[in-house]
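Colleague: Using the sequences plus the hints, can you model the full thing?
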Amino acid sequence: MYRDGRLLHILPVTTGKAGHRTRSGTKVVPGKEPVVRMRGDSIGIARGSDDFYDLKVHWATRVTWSGEYLHPVPRSLDAQGSEDVSHGCTGMSTEDAAWLFRTVREEDLVRVVNGHGEPMAPFGNGFGDWNPDRAAWLRGSAFGPDLHRPAADTGPAAGGLDPAL
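Quick note on numbering: the numbering used here labels position 82 of the sequence shown as 559, and the sequence is numbered without any gaps.
Please keep in mind that the hints were generated in silico from the structure rather than gathered at the bench. Any given hint could be a false lead.
What the hints assert, rightly or not - Ranges of calculated distance between the beta carbons of each label pair, as one might list FRET restraints: (1) Glu560 to Ser618: 41 to 47 Å; (2) Asn591 to Gly496: 15 to 21 Å; (3) Gly558 to Gly521: 26 to 32 Å.
To be verified - In silico DSS-like pairs for lysine-lysine, Cα to Cα no more than 27 Å straight-line: (4) Lys494 to Lys509; (5) Lys533 to Lys509; (6) Lys494 to Lys533.
On a predicted model such as this, the values are computed, not experimentally measured, just so you know. Note that CB positions come from ideal geometry on N, CA and C, so glycine has one too.
Modeller: Encoded structure:
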């Protein structure tokens, strides 16, 4: 974890295994939950299957609206830092998850790099707004891309803003 370009802490993690890959890209923390119940059927894992889970999880930092979190997964300690074994969340030790929960703030960025999952959707599943390139942002602008082109003369006579106002 970095703050203002300075390394604060290294957190070995495990991310999503095949069939449940963690989305790559930049996410924004929309909230934190000291305790959350996580169930496999909320992401399409059938009850009774070997992959099903129903857990009460502490120190959960949310990164998507669809249920992707940064949280402790004590049973995966051997895999953390070397193997992807989760159902899409980013798992870590309880100590690291508690430290992260105390340290991270809402609206902080979380960047998943070298992941195997689909890219984070630009909009609609959290605050993925950091992921579109500039051209996509301009195409999606309510004012259209022409508003963002600099005018030849930006003085009041050319319809620009008057800095004296």
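Colleague: Each hint: holds or not?
Modeller: Do the hints match the structure? See the list:
Remark: the range hint 41 to 47 Å for glutamate 560 to serine 618 is upheld by a beta-carbon distance near 42 Å. Judged by the Cβ atoms, the range 15 to 21 Å given for asparagine 591 and glycine 496 holds: they are separated by roughly 19 Å. Between glycine 558 and glycine 521 the CB atoms are about 28 Å apart, so this pair conforms to the stated range of 26 to 32 Å. Under the criterion of a C-alpha separation no larger than 27 Å, the hint pairing lysine 494 with lysine 509 is consistent with the structure, at around 24 Å.
Between lysine 533 and lysine 509 the CA atoms are separated by roughly 14 Å; this keeps the pair inside 27 Å, and the hint holds. For the given pair, lysine 494 sits about 21 Å from lysine 533 by alpha-carbon distance, which is consistent with the 27 Å threshold.
In summary, the structure agrees with every hint in the numbered list given earlier.
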